[in-house]
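With chain A held as given, fit chain B onto it using these hints.
Each chain, written out:
Number of protein chains: 2
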Amino acid sequence: MSVTEQEFNRESLDSVLKRRFFFAPAFEIYGGVSGLYDYGPPGCALQANIVDVWRKHFILEEDMLEVDCTMLTPHEVLKTSGHVDKFADWMCRDLKTGEIFRADHLIEEVLEARLKGNKEARGEKIEDVEEEDDQKKKRKKKVKEIKAIKLDDSVVKEYESILAMIDGFSGPQMGEIMTKYNIGNPATGEPLELPKEFNLMFETAIGPSGQLKGYLRPETAQGQFLNFSKLLDFNNEKMPFASASIGKSFRNEISPRAGLLRVREFLMAEIEHFVDPEDKSHSNFDSVKDVKLSFLSKEIQQAGKTDVVETTIGEAVSSGMVDNQTLGYFIARIYLFLVKIGVDPTKLRFRQHMSNEMAHYAQDCWDAELKTSYGWIECVGCADRSAYDLTVHAARTKEKLCVRQALPEPKIVEKFECEIEKKKFGPKFRKDAPKVEEWLNSRTECELEDLAKELKDNLKITAKIPDTSIPEIEIPNDLIKIEKKTRTEHIREFTPNVIEPSFGIGRILYSIFEHSFWTRPEDSARCVLSLPPLVAPTKVLLVPLSNNETLQPVLKHVKDKLKTYQIPFKVDDSSASIGKRYARNDELGTPFGITIDFDSVDDNSVTLRERDSTKQVRGSVEDVVEAIMSITYKGVSWEDGVKHLTPFESKTEDDE
Amino acid sequence: MSVTEQEFNRESLDSVLKRRFFFAPAFEIYGGVSGLYDYGPPGCALQANIVDVWRKHFILEEDMLEVDCTMLTPHEVLKTSGHVDKFADWMCRDLKTGEIFRADHLIEEVLEARLKGNKEARGEKIEDVEEEDDQKKKRKKKVKEIKAIKLDDSVVKEYESILAMIDGFSGPQMGEIMTKYNIGNPATGEPLELPKEFNLMFETAIGPSGQLKGYLRPETAQGQFLNFSKLLDFNNEKMPFASASIGKSFRNEISPRAGLLRVREFLMAEIEHFVDPEDKSHSNFDSVKDVKLSFLSKEIQQAGKTDVVETTIGEAVSSGMVDNQTLGYFIARIYLFLVKIGVDPTKLRFRQHMSNEMAHYAQDCWDAELKTSYGWIECVGCADRSAYDLTVHAARTKEKLCVRQALPEPKIVEKFECEIEKKKFGPKFRKDAPKVEEWLNSRTECELEDLAKELKDNLKITAKIPDTSIPEIEIPNDLIKIEKKTRTEHIREFTPNVIEPSFGIGRILYSIFEHSFWTRPEDSARCVLSLPPLVAPTKVLLVPLSNNETLQPVLKHVKDKLKTYQIPFKVDDSSASIGKRYARNDELGTPFGITIDFDSVDDNSVTLRERDSTKQVRGSVEDVVEAIMSITYKGVSWEDGVKHLTPFESKTEDDE
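In the order they appear, the protein sequences are chains A and B.
All residue numbers for the first sequence refer to the numbering used here, where the first residue is 836 and numbers rise by one.
All residue numbers for the second sequence refer to the numbering used here, where the first residue is 836 and numbers rise by one.
Please note that a few of the clues may not be correct.
Which copy? The list can't say, so a pair holds if one copy fits it or any two copies do.
[Said to hold, decoys possible] Each computed DMTMM-like pair below joins lysine to aspartate or glutamate, with the alpha-carbon atoms no more than 25 Å apart:
no. : residue 1 : residue 2
1   : K1073     : E1357
2   : K1396     : E897
3   : K853      : E1280
4   : K1394     : D1121
5   : K1320     : D1125
6   : K1266     : E1213
7   : K1115     : D924
Read the hints as simulated data drawn from the structure, not as lab findings.
Chain A on its own, in the form it takes in the complex (with noise of 0.2 Å):
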């Protein structure tokens, strides 16, 4: 296949991209919006296929359990996840024009417009950065020229500092930089404010009075968090379990660019696996564990640098670098459904976060990134979550959110425990008895000894119960008891982990259309999308020679063969010629065309064209519709799948 070998036209995959209507932005008549898209009809096919593959891959593969939650969310919800007080970017204004600009991605454009400057300055080469972030050369766009301007070499590493370490910096400490290197609105070079801290969540108000705060999801997880009681009801206690989504979710982007690379509305598949924090092992690890990955760990990164190490993930998991055999196993099975969907292998690398730039809730994080022209972008997380938002949850909703098993056999522990004497404590701590009382009953093992050890003293402990008015109180030894007590516990409780492949489909949509895109050696015009048959919009194309009415006959039944097999297919009958119809398709991504003429009608042969090598051979209408289930449902190879029909040679496509 030609597509790795040639250099990409963006700009030419972006005119099919159109001209096809795979998608276009939203609203366009309007003036569009930024940041938001509708999907034309073959897009909405090929997302719709993606998500069915997904499906298959992951909640049919494995038996999860797949739930659909509502997006408006009430604000106490995503007050306790965290989201309200950190899912922000920073921006800044320039106060005259009423621009906004995201922190970071200002100070990383005019740093490296500067930098840039100053080799041409000194005369340098400027090489294209290969590695370039998803949305750089977009961004650069705005800085309106680039000045040749030598920097010291001083100032030249603390740029390049600065921008090795740019996901790392807080609000005020971009402001401090910002004001030190003079960065200022990239067009006009004027001043802004300092940086601002913008929720990236959509607020709506729920119901009449306007008094419920909501906003639309960030993810899909929440919902299914929320839900873990019943999920684990359902799958009658029996762990580990995972459940799954497929929906919409927003971001409030501060000046969305880049495409479908950074939107404010889109399509995520989120897995919760949720394990026993004890036992991460995976029962299916070993079904992957021979699958070779590129990984790119934290290390390397923090010793700056980008090669990636090429190992199995059995190696990977066994040398601690991913933390363990759940984890490894999804990061094996997310690489196996993206190479079948059609990403390029080479062109896919696992990245471990640094500490720095992890999501509130992780603590740790591998990504899948695709290289694409923006650079390499992220396209799947596979964070491990901990047991963080079923304990934010449970603790807010006094809920219980975890899991108990009978413990295999009973266990036989020494626990402090604190015995209060009901009758007298009541009546001297009056309206403060709950508080203390559960400031005692929240005490841990090693707290609950030193306090035995201060009654046993001074028979009495002193205390202040934090957070409350209460003055300091004194517990005198007849209203408590404080001993070591033996206790057979037959039942374990635990919160489970949760390990989470989070998928932006938009993204990995996009990723596959440059993946897939080249065009044809013989004459540049001629585009070719060469998606995997399975998700193709449309697979095949059906070309009557001519609209003659002899023909009709024949092509009924191959539309009713494909019928019965469920083969999506379309028919051109247009007058224009075989060859431009078939172009037409392979800017479609249509992996196969079946040609009626008139030999069809005597013998019920037809041809079978396909896309990417122009081959066509010659069978019976059975035969050739047997061969194209095979190649797009069961994974069987053209070459395999064609080996009992006639090769065909036809005039070239050109002159047909």
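Chain B in isolation, oriented as in the chain A frame:
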């Protein structure tokens, strides 16, 4: 089947739906938010299966163009479509308690309670009104107690007349009724604020400046209209054609009750069929013309009756009751779809909208209504939106949203035309010139005829340009010519009309639950959901008789076979009795069970059980799976599907 013979018990169904996690209130551990629900695994699978059948029945079968448009929609678009001004309900606030009521529901509720009290006072029997509006039953509970107070005959008549016309009152009219009849908070009797208009769209701000006001879409239709030109182009300019979209829409209900029937976030499936306004015939109408349906026309309703007319869609169209073939075609196709997915055809009618209840964009509308314990529920709307939407968006954006068709033969037309002498016209009107010109160019044929006469008689025309500050102007006849001209037209340009079938998936889903729910006569605790195999969440339950190792190979063999055919199944290898395991799955609507016993190991045979009849047959794994496949996906009946298998007498299920 026993479904229709039993009295329906809603409490019993609700308890099954909750116990099996078909759906649950969203954010339940936070106390829930009314009108928001999450679908658990079986509800989610059922929904996905219904959507899948919908996609095949409509989109694939008719080659519709599916699109996926954004939910976030800028203000301007929904201002133009009329939703900002007209998508509203009237609400009344209790200033003391803060409670908010929907005005029409409130009036109904209070007056019905009074009429009931009157009957009680008169000692008349109070019948349960059979055909209740969808939410009355629940709402009635709000009236604290029904007081037995006798009303004058004249008052009874007034109340009844108000109730009959309740859908047609404006907000101020409802205010008058509330004042006149002293209608207040039903729980306390306290007076309420007069009705205020409340827009039902969720509002939000797009982007960080907060200046771009947006809404969550109230329907998926607008995205399809805005992409009309791209879709027409994609369809190679061929007419008629349809687009379709499946996605969430939002409606900020004032006080939603009635479970899945009135929610704030819901899945819709909408078709926009674009058709020539001068030819609304449908090429495939003959294929459905004999489908027999129940119609409730607006004439019958206006006569105060609810007796349906049973007739074929062919008759309904030729008699003019249904306006045209395209509308009729979709009505019949909607019927076929609903019955296929499990709607009871005896609980399905098509009701025509009366003119005072039609949405602001609709010209004619038929609802598919399903009968449930909440009354007759609108589940599918089939509206003729005429050219309304395309016209208003085209006018607002100045983009052409129309079809240009070559005329079969050129047409000679005589038309008045206005010719402007630009050289003199510009200098005379200066900055006003463009507006005067626009005004001249937008005159109708009639107006031009009058102007031509005025110009001839007075040698000038006098005019006031509306909506401008331009003072009255005079245009002398050396600046313009208005004359009748003969032209040959080759192209016809028109704005298509839109026929819109619009499906509320959640309402359909709930109605199917009611239509397919029953309890076994021998034990009312054993509930069954007789979902059609095609849409049932899981198709097969695999029940190994014991966990004995020897059964594992056969179990694996059955699983592999089912996977090959992509038939969704579950294994229940719990220690519960076989009867209990089947009972659990009867509640989940699982149509088939396969029992694997020790005979299976010897001869590869298994027992197949049918959910509704509990009949059992026995055969080889291959034959049993083949039978399941034919019955589930090919519409074969149980009797035909298993006729090659051997009837199997087991002990009764309770003993198992």
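Going down the list of hints, with the structure as the test:
1. Proximity of K1073 to E1357 under the C-alpha cut-off of 25 Å is found in neither arrangement, the shortest distances being 59 Å within a copy and 32 Å between copies.
2. With identical chains, the CA atoms of K1396 and E897 are at most 25 Å apart between copies only, with a shortest distance of 17 Å across copies and 33 Å within one.
3. Proximity of K853 and E1280 under a CA criterion of 25 Å is satisfied in neither setting, with 65 Å inside one chain copy and 39 Å between copies.
4. Taking the closest pair of Cα atoms, K1394 and D1121 come within 25 Å of each other only across two copies (21 Å); inside a single copy the shortest separation is 44 Å, beyond that limit.
5. Taking the closest pair of Cα atoms, K1320 and D1125 never come within 25 Å of each other, the shortest separation being 50 Å inside a single copy and 81 Å across copies.
6. In this assembly of identical chains, K1266 and E1213 lie within 25 Å of each other by CA distance neither inside one copy nor across copies; the values are 54 Å within and 54 Å between.
7. For the identical chains of this complex, K1115 and D924 are neighbours neither inside a copy (33 Å) nor across copies (53 Å), given an alpha-carbon limit of 25 Å.
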